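S.K.: Read top to bottom, the protein sequences are chains A and B.
Using the numbering used here, you'd call the opening residue of the first sequence number 1 and step up by one each time.
Using the numbering used here, you'd call the opening residue of the second sequence number 416 and step up by one each time.
Derived from the structure by calculation, the hints contain no laboratory data.
Take these hints with a grain of salt, some might be off.
Unchecked claim - If the Cβ cut is set under 7 Å, some of the chain B residues that face chain A in the computed set are: (1) Lys445; (2) Val451; (3) Arg455; (4) Ser458; (5) Ser467; (6) Asn468; (7) Ile470; (8) Trp473; (9) Glu490; (10) Pro495; (11) Lys501; (12) Glu584; (13) Tyr768.
Bear in mind that the values here come from a model prediction, so they are computed numbers and not experimental data.
Positions of the beta carbon are idealized from the N, C-alpha and C atoms, including for glycine.
Number of protein chains: 2
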Amino acid sequence: MRNSNLYEKLAKLAVNMGVNVQKGQPLLVKANIQDVEFVRMISKEAYEAGASNVIVDWSDEKLTRYQFQYQNLEELKNIPDWVHDKNKYLQEQRVCSLRVESDCPGGLKDLDQEKISAYSQAFSEKMHDLVDYTMKNIGQWSIVALPSQDWAELVFPKLNPKEAYDALEKAIFSASRVDENSDPEQNWREHDARLTAYAKTMTNYQFTKLHFISELGTDLEVGLVEDNIWEGGGSISASGVHFEPNIPTEEVFSMPHKDKVNGIVYASKPLSYSGKVIENFWFRFENGKVVEYGAEKEKEALDKLVHFDEGSSHLGEVALVPYNSPISQSGILFFNTLFDENAACHLALGRAYPENIKGGLTDDEESLKKRGMNTSFQHVDFMFGTKEMKVDGIQKDGTVVPVFRKGNFVIGETL
Amino acid sequence: MRNSNLYEKLAKLAVNMGVNVQKGQPLLVKANIQDVEFVRMISKEAYEAGASNVIVDWSDEKLTRYQFQYQNLEELKNIPDWVHDKNKYLQEQRVCSLRVESDCPGGLKDLDQEKISAYSQAFSEKMHDLVDYTMKNIGQWSIVALPSQDWAELVFPKLNPKEAYDALEKAIFSASRVDENSDPEQNWREHDARLTAYAKTMTNYQFTKLHFISELGTDLEVGLVEDNIWEGGGSISASGVHFEPNIPTEEVFSMPHKDKVNGIVYASKPLSYSGKVIENFWFRFENGKVVEYGAEKEKEALDKLVHFDEGSSHLGEVALVPYNSPISQSGILFFNTLFDENAACHLALGRAYPENIKGGLTDDEESLKKRGMNTSFQHVDFMFGTKEMKVDGIQKDGTVVPVFRKGNFVIGETL
Chain A
1 MRNSNLYEKL
11 AKLAVNMGVN
21 VQKGQPLLVK
31 ANIQDVEFVR
41 MISKEAYEAG
51 ASNVIVDWSD
61 EKLTRYQFQY
71 QNLEELKNIP
81 DWVHDKNKYL
91 QEQRVCSLRV
101 ESDCPGGLKD
111 LDQEKISAYS
121 QAFSEKMHDL
131 VDYTMKNIGQ
141 WSIVALPSQD
151 WAELVFPKLN
161 PKEAYDALEK
171 AIFSASRVDE
181 NSDPEQNWRE
191 HDARLTAYAK
201 TMTNYQFTKL
211 HFISELGTDL
221 EVGLVEDNIW
231 EGGGSISASG
241 VHFEPNIPTE
251 EVFSMPHKDK
261 VNGIVYASKP
271 LSYSGKVIEN
281 FWFRFENGKV
291 VEYGAEKEKE
301 ALDKLVHFDE
311 GSSHLGEVAL
321 VPYNSPISQS
331 GILFFNTLFD
341 ENAACHLALG
351 RAYPENIKGG
361 LTDDEESLKK
371 RGMNTSFQHV
381 DFMFGTKEMK
391 VDGIQKDGTV
401 VPVFRKGNFV
411 IGETL
Chain B
416 MRNSNLYEKL
426 AKLAVNMGVN
436 VQKGQPLLVK
446 ANIQDVEFVR
456 MISKEAYEAG
466 ASNVIVDWSD
476 EKLTRYQFQY
486 QNLEELKNIP
496 DWVHDKNKYL
506 QEQRVCSLRV
516 ESDCPGGLKD
526 LDQEKISAYS
536 QAFSEKMHDL
546 VDYTMKNIGQ
556 WSIVALPSQD
566 WAELVFPKLN
576 PKEAYDALEK
586 AIFSASRVDE
596 NSDPEQNWRE
606 HDARLTAYAK
616 TMTNYQFTKL
626 HFISELGTDL
636 EVGLVEDNIW
646 EGGGSISASG
656 VHFEPNIPTE
666 EVFSMPHKDK
676 VNGIVYASKP
686 LSYSGKVIEN
696 FWFRFENGKV
706 VEYGAEKEKE
716 ALDKLVHFDE
726 GSSHLGEVAL
736 VPYNSPISQS
746 GILFFNTLFD
756 ENAACHLALG
766 RAYPENIKGG
776 LTDDEESLKK
786 RGMNTSFQHV
796 DFMFGTKEMK
806 VDGIQKDGTV
816 VPVFRKGNFV
826 IGETL
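Given these sequences and hints, build the entire structure.
M.R.: Okay, structure coming up:
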């Protein structure tokens with residue numbers, strides 16, 4: 001920890017704006033053991049903000065590796081009741097939860113992937129009744145990131161270890177809008193207000209489709225569902241508490257209609273999928289479905305992605321990120337969705353977010369599918385935003401509204 | 416971690432002789448976050464020995480401090496069901512458990528002691544049905560120690576921080592019989608065989624009392640219960656697995672008759688009790704009860720100790736530790752029972768161990784009390800062994816057998 005003052009600022013931000021812990025509310029922190037000093041800061045801040053209790057779920061990549069190396073499949077898939085009951089109890093106590101990410105992306109990729117998948121699936125099944133708590137924003141939750149040596153060397157392979165660490169640290173704090181000379185919470189209030197205003201503007205227009213044109217060759221029409229809702233910045237929990245699920249966040253995003261996407265899209269950044277890095281790839285859509293695709297590198301990984309299940313060849317998210325946003329300007333590929341999805345306009349193949357359609361959090365899945373919501377067991381973001389990106393919004397009556405010019409918003413922040 | 420080779424050796428020893436984890440058995444490790452590297456070694460060793468799973472309960476002194484500082488009493492006393500159920504589940508899986516101690520003794524003494532007591536009591540009550548698992552050796556358990564900076568500076572206040580750490584590290588490894596040039600497991604097999612043989616010898620003699628004389632003025636007759644059992648070295652779990660509950664251990668110990676202790680005993684080392692260090696103290700016993708006592712420093716703490724409850728003015732343990740044992744020879748006061756009780760012959764005021772009387776693990780408490788077993792809610796060891804300690808054993812027929820001369824065993828190792 002090179003500059004503990006910045007870490008203190010990030011801890012305050014995570015507690016007060018990230019999860020926005022309320023008086024008498026417990027906080028669950030999920031963190032790596034290497035980040036113990038930061039977790040101590042988080043704990044102190046949370047108690048001072050009135051948290052009733054701070055519980056920490058620790059993990060350690062080396063211990064996790066041993067688990068996957070040595071435990072047999074049966075043992076791995078056996079998730080004891082108490083693990084479920086602990087989380088159920090915390091939800092009954094109206095917990096808020098904070099994840100502190102610093103693991104090296106792909107750090108487990110040399111292990112038996114079938115074992116890892118089997119464990120993940122068993123865990124998801126065991127926790128099945130508990131996912132709504134965060135998926136539907138019943139309680140506040142947030143994710144922040146910290147640098148780690150392995151991750152730094154992955155992102156900056158040409159720097160020496162110390163320089164790489166410093167560079168990743170600087171990039172993370174900058175993207176998280178934490179610096180020496182300003183108040184991060186004030187930065188975030190302003191930033192959140194901007195994102196919320198853009199989202200509100202986009203929602204108010206009720207575009208039937210967006211038309212994307214880029215200098216890479218993208219010429220894509222993305223139809224949107226009726227009663228689409230654009231989201232950006234903070235969210236509000238079921239009990240009315242404002243929180244920031246992602247630190248950083250730069251996107252405003254909504255729901256494509258699963259059958260109304262046509263044209264071609266060229267990716268503007270590599271995609272890390274299934275342990276491979278896919279480069280210079282493209283998709284051609286007809287009536288919502290990927291009908292053709294290609295890649296300069298690792299096309300087989302694209303095959304897997306597109307053919308994973310029925311919904312994985314349709315879109316589940318369309319997101320706008322200005323080219324002048326700090327992560328985009330850094331030009332860094334973090335290999336971590338928290339950052340990379342905030343680097344450029346992106347699309348996701350797979351599952352859509354029900355919050356992006358009116359009534360989505362309460363309506364049943366069948367009727368949402370009929371309204372155009374895509375479903376899938378995966379959700380994979382890929383970037384296609386560029387410096388020259390042009391986006392037009394088309395309204396029901398055919399009116400064309402300029403949304404992006406030269407990679408940035410030109411639409412008003414509020415209507 | 417200055418010399419990882421020694422730590423590897425200690426980890427192997429803890430896994431293979433301490434808990435002696437069996438194929439298919441889970442291992443629960445309780446450790447401080449600062450000891451993560453050692454826990455990784457433990458985990459790897461345990462899996463290689465065939466452990467089905469290694470679960471770690473992490474703690475961090477700073478986070479514990481925040482808990483006691485900020486949480487209110489009601490929150491502290493609320494031990495959720497899942498904490499109990501987790502341990503119950505592990506016991507059902509026939510877990511073995513290892514504690515790695517490195518906390519600074521008395522590290523929480525500046526905090527509100529009533530809160531700490533209230534928490535401990537609530538925790539004990541919640542776990543009430545689970546204590547037999549270790550108390551009655553149903554599963555294997557063990558404790559090992561590692562150095563920490565705070566602890567080192569408490570033990571060696573005159574050394575600079577680095578020297579203090581090195582000195583504590585050296586003392587712990589030496590006491591644990593781990594060094595560069597020998598096989599710790601072989602050391603322990605020999606050591607354990609010696610302790611077991613002394614215990615067997617002492618049990619076979621069935622002494623009615625022991626007579627202690629020291630150069631400090633001690634002249635004490637400690638009556639023993641009939642059918643006394645002397646214990647030393649390893650234990651055997653309910654399923655027949657040998658394990659070493661304490662690393663290090665140097666004592667062989669048995670059960671005094673609660674009403675048959677007479678004479679005077681002078682302590683040979685300070686006693687840390689209730690946050691105070693009591694120095695140069697003595698007790699006079701009549702018919703098993705402390706009838707007079709004194710101390711050069713902190714006599715009020717002795718008042719508390721003796722008057723804690725009915726049983727706290729009677730003896731519950733008598734233990735023989737040779738003056739030539741390594742901890743004794745080091746002359747170091749560790750302020751930690753795992754070490755200090757192995758530095759010299761000692762007595763304990765308070766609760767006796769039922770394993771030290773024939774049938775003690777199965778007979779009911781009332782009949783054990785009638786046979787002379789002391790009961791109390793506390794058990795406080797104090798040292799009275801010296802360089803010149805003389806101990807005689809007196810048999811039923813009056814035969815006097817020399818047990819200790821000049822601080823060391825003179826009795827045969829086996830009969």
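S.K.: Decide, hint by hint, whether the structure agrees.
M.R.: A quick look at each hint next to the structure:
no.: 1; hint: Lys445; in the structure: violated, 13 Å
no.: 2; hint: Val451; in the structure: holds, 5 Å
no.: 3; hint: Arg455; in the structure: holds, 5 Å
no.: 4; hint: Ser458; in the structure: holds, 5 Å
no.: 5; hint: Ser467; in the structure: holds, 5 Å
no.: 6; hint: Asn468; in the structure: holds, 6 Å
no.: 7; hint: Ile470; in the structure: violated, 10 Å
no.: 8; hint: Trp473; in the structure: holds, 5 Å
no.: 9; hint: Glu490; in the structure: holds, 5 Å
no.: 10; hint: Pro495; in the structure: holds, 5 Å
no.: 11; hint: Lys501; in the structure: holds, 4 Å
no.: 12; hint: Glu584; in the structure: violated, 21 Å
no.: 13; hint: Tyr768; in the structure: violated, 31 Å
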